[in-house]
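Novice: Once you've looked at the hints, dock chain U against the given chain F.
Residue strings, one per chain:
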Amino acid sequence: MIFECHDLDRALADPALLAELQRHIRGCETCRNQYRIWTEISNTAKQLHQEWDSPNLWPHLLAAVRPERPASKRWYVEWKLWAATAAAAAMLAFALAYIPHSPAARSNDQYFLTEQTLKEVEKNEAAYRRSIDELARLAQPKLETTAASPLLQSYREKLLMLDSAILETRSNLDQNQFNAHLQSDLADLYREKRLTLKEILTHAQSN
Amino acid sequence: MLNPTKVILFFAVSSNLFALDREEYTRNFDKNFTLHAGQTVRVEHRMGEIVIHTHPQMDLTVHAEIRVSAPDQSRAREFADKIEILAEPFQSEFSIRTRYPENPGSFFGFNRVSYSVRYEITMPESAALSVRNEFGAVSVTGLKANGDIKSSHGAISFHGGTGAQHIENSFASVEVVNNTGDVVIATTNGSVKVADVSGALTVTDRFASVSAEHIGKDVKISNTNGTVEISDCGGSSTIGNAFANVIVHNLGGDLTVHNGNGKVEAQNIKGGADLNTSFAEVSFSNIGRSLSIRTNNSNIEGSGVKGSAKIENSFGATSISNVDGGVRIQSANGAVTVSDIRGDANVKTSFAGVELEHMAGAIDVDDQNGAVDATSNAQNVCRPISIHTSFAPIRVHLAGAPNYQVTAKTTFGKIRSEVPLLVSGSLSDDALSGTLGTGQCELRLTDNNGTIEILKASSH
Chain F
1 MIFECHDLDR ALADPALLAE LQRHIRGCET CRNQYRIWTE ISNTAKQLHQ EWDSPNLWPH
61 LLAAVRPERP ASKRWYVEWK LWAATAAAAA MLAFALAYIP HSPAARSNDQ YFLTEQTLKE
121 VEKNEAAYRR SIDELARLAQ PKLETTAASP LLQSYREKLL MLDSAILETR SNLDQNQFNA
181 HLQSDLADLY REKRLTLKEI LTHAQSN
Chain U
1 MLNPTKVILF FAVSSNLFAL DREEYTRNFD KNFTLHAGQT VRVEHRMGEI VIHTHPQMDL
61 TVHAEIRVSA PDQSRAREFA DKIEILAEPF QSEFSIRTRY PENPGSFFGF NRVSYSVRYE
121 ITMPESAALS VRNEFGAVSV TGLKANGDIK SSHGAISFHG GTGAQHIENS FASVEVVNNT
181 GDVVIATTNG SVKVADVSGA LTVTDRFASV SAEHIGKDVK ISNTNGTVEI SDCGGSSTIG
241 NAFANVIVHN LGGDLTVHNG NGKVEAQNIK GGADLNTSFA EVSFSNIGRS LSIRTNNSNI
301 EGSGVKGSAK IENSFGATSI SNVDGGVRIQ SANGAVTVSD IRGDANVKTS FAGVELEHMA
361 GAIDVDDQNG AVDATSNAQN VCRPISIHTS FAPIRVHLAG APNYQVTAKT TFGKIRSEVP
421 LLVSGSLSDD ALSGTLGTGQ CELRLTDNNG TIEILKASSH
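Same order as they appear, the protein sequences are chains F and U. Throughout the first sequence, residue numbering follows the numbering used here, covering 1 to 207 in sequence. Throughout the second sequence, residue numbering follows the numbering used here, covering 1 to 460 in sequence.
No lab work stands behind these hints, which were simulated from the structure alone. Glycine residues also receive a C-beta, built at the ideal position from the N, C-alpha and C atoms. Do not rely on the hints blindly, as some may be mistaken.
From chain U, some residues computed to sit far from chain F (all C-beta separations above 12 Å) [unchecked claim]:
#	residue
1	Arg-22
2	Leu-35
3	Ala-37
4	Glu-84
5	Arg-97
6	Gly-234
7	Pro-420
8	Leu-455
9	Ser-458
Derived DSS-like pairs (lysine-lysine); straight-line CA-CA distance at most 27 Å [unchecked claim]:
#	chain 1	residue 1	chain 2	residue 2
10	U	Lys-82	U	Lys-144
11	U	Lys-348	U	Lys-306
12	U	Lys-263	F	Lys-198
13	U	Lys-270	U	Lys-217
14	U	Lys-31	F	Lys-142
15	U	Lys-348	U	Lys-414
Pairwise CB distance ranges, derived in the manner of DEER restraints [stated by the list, open to error]:
#	chain 1	residue 1	chain 2	residue 2	range
16	F	Thr-39	U	Arg-416	48 to 56 Å
17	F	Ala-147	U	Asp-72	53 to 61 Å
18	F	Gln-22	U	Lys-414	26 to 34 Å
19	F	Arg-23	U	Asn-322	27 to 35 Å
20	F	Pro-141	U	His-55	28 to 36 Å
21	F	Glu-20	U	Gly-400	50 to 58 Å
22	U	Glu-84	F	Arg-130	22 to 30 Å
23	U	Ser-339	F	Ile-2	35 to 43 Å
24	F	Gln-22	U	Arg-416	29 to 37 Å
25	F	Asn-33	U	Gln-440	48 to 56 Å
26	F	Leu-167	U	Arg-77	28 to 36 Å
In isolation and in its complexed conformation, chain F is listed as follows (with noise of 0.2 Å):
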């Protein structure tokens, strides 16, 4: 083979002509210069190679680049997420209206619910409850996912706490169902435990 300079780009890309490329540079100053820089630029490429720890780097560029869902289910998810917690906050609001809350402006006569006020309490909490679990339903794929995010991961835990105060909470209820400082911690709980969710499925979107 008779190399010539316009052989420069296929000698560097095919390790066969190398041998070839050198003998022709020994006599050819232009090719001698344009290898010098491409050999240049080969090792700062080579110096420029880093490593670094960034664990929330991938999750963040595969939500990027992951295709668009169909704008109708988009939508539709939207929609419930929405809806879900514009009725979970109006039925917290109306709960929230029966039970008295500091400690601090609750008059002598407030240590306690009435029957009435019980009954629409125990009526608007089941309602809060379901609004609730269609929040934790929507959150729920994400949560597990097995890609999940330190925060998810945080979040998840933070949903396991809530639910074991829940629990703690409404155990204490069933011997002190009127206790108006028990009803309030609850609902502060359910409120906290609807205020993650939201978040959860808000990080999820932006993301």
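Specialist: Below, chain U alone, put in the same frame as chain F:
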């Protein structure tokens, strides 16, 4: 088959039954005791608030309001009478406990009796205090001894104390205002607010905000998923957090922050600052000693460091100014802007530009695929300059009458000098060796595929 009319009537009657008023009965418990020196006051309670005041005397006053709600007065009274307040002296402590009777479920498990006990206790200010409570707030004022308060599902507030205070809570807030002595707080799902503590403060929390102001000694905070804010504290501070911001203003000692996915802001730190985070910005101002920042995917911006600054970043811009010591920046894929540096500057980045302005010390820049624009204000002193980049230009601005031994080399670009220099050796468009002034100092500029310019710095 059910008759719909009967069903409606049944619910109407049931509804009316539920609508009946309930009866409440309140029984007060009042007793006075005298404590011996060294006795701890221990309170164990649940289902109700505890309010504790202190006084200089050794008297202990226990007032408990026992409240019961039931369908009728007799059942309320019967249940209230069974609730026991046990106030008992022991060798080293005085114990106050609440004992509730069994409250079994009634027909269909639907329990009709509810109860609550509220304590108001006045105790000797010099006696140590131990409180355990559930489902009720705890308030302590004026304790001049060590305190150990544990609660859940009820806010804790502690005011005007002296001594070492240990407070634990969950699912409710903690507030400590004015304590002479150390304070340790451990909580989950409850905000923590601390102010005016003369000693050290240690807080462990999760899923809630923590704020501390006017703390005399060191502050150590470990939190996740909740904002941490510290201001006007005398000692050093170590803060761990994740998924939420850390904001520190006016600290008397060193600051160390380990955050992740949350912003870090540090202002007016008298000691050094070691700031670490990811995926969120870092900002700082007026750092009294050296500064160290390690981040990734973050923008860094700040001004005012009395010592040196060391920054590691990637995929984010870095902008730093007004540093008394040297600056060492190692970045990747992020622009670097540095100005008003009294010490030496060492900058390494890639795929982004480097801009250095008002540099008094030596300059060493290693860039790839990014333009470098550097202005040296050094005059009558030797401050070597070494700049390397590729695929982008290098511009160096020199102040006054510079004295450099110049070596400039590029490929596929030209070299231009606005400052007259004495060329030595061969002269070509892409390589130059020469002397500026006395040639006292080294100026080395290396580029690949970029133009090199040596320019006069503007006088301002």
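Novice: Are the hints correct? Go through all of them and say.
Specialist: How the hints compare with the structure:
1. Arg-22: violated, 6 Å
2. Leu-35: holds, 28 Å
3. Ala-37: At about 34 Å from chain F, U/Ala-37 clears the 12 Å cut-off, so the statement holds.
4. Glu-84: Given that every Cβ of chain F is farther than 12 Å from that of U/Glu-84, nearest at about 17 Å, it holds.
5. Arg-97: Correct as stated: the minimum Cβ-Cβ distance to chain F is 18 Å, above 12 Å.
6. Gly-234: holds, 32 Å
7. Pro-420: holds, 30 Å
8. Leu-455: holds, 26 Å
9. Ser-458: holds, 33 Å
10. U/Lys-82 / U/Lys-144: Outside the cut-off at roughly 35 Å; violated.
11. U/Lys-348 / U/Lys-306: holds, 22 Å
12. U/Lys-263 / F/Lys-198: holds, 22 Å
13. U/Lys-270 / U/Lys-217: holds, 13 Å
14. U/Lys-31 / F/Lys-142: Violated: U/Lys-31 and F/Lys-142 sit about 57 Å apart, past 27 Å.
15. U/Lys-348 / U/Lys-414: holds, 23 Å
16. F/Thr-39 / U/Arg-416: 48 to 56 Å: Since the Cβ atoms of F/Thr-39 and U/Arg-416 sit about 27 Å apart, the hinted range of 48 to 56 Å is violated.
17. F/Ala-147 / U/Asp-72: 53 to 61 Å: holds, 60 Å
18. F/Gln-22 / U/Lys-414: 26 to 34 Å: holds, 30 Å
19. F/Arg-23 / U/Asn-322: 27 to 35 Å: violated, 58 Å
20. F/Pro-141 / U/His-55: 28 to 36 Å: About 59 Å separates the Cβ atoms of F/Pro-141 and U/His-55, which means 28 to 36 Å is violated.
21. F/Glu-20 / U/Gly-400: 50 to 58 Å: About 55 Å separates the Cβ atoms of F/Glu-20 and U/Gly-400, which means 50 to 58 Å holds.
22. U/Glu-84 / F/Arg-130: 22 to 30 Å: violated, 41 Å
23. U/Ser-339 / F/Ile-2: 35 to 43 Å: violated, 57 Å
24. F/Gln-22 / U/Arg-416: 29 to 37 Å: With a Cβ separation near 36 Å, F/Gln-22 and U/Arg-416 satisfy 29 to 37 Å, so the hint holds.
25. F/Asn-33 / U/Gln-440: 48 to 56 Å: violated, 34 Å
26. F/Leu-167 / U/Arg-77: 28 to 36 Å: holds, 32 Å
Taken one by one, the earlier hints fail for this structure at numbers 1, 10, 14, 16, 19, 20, 22, 23, 25, listed in ascending order.
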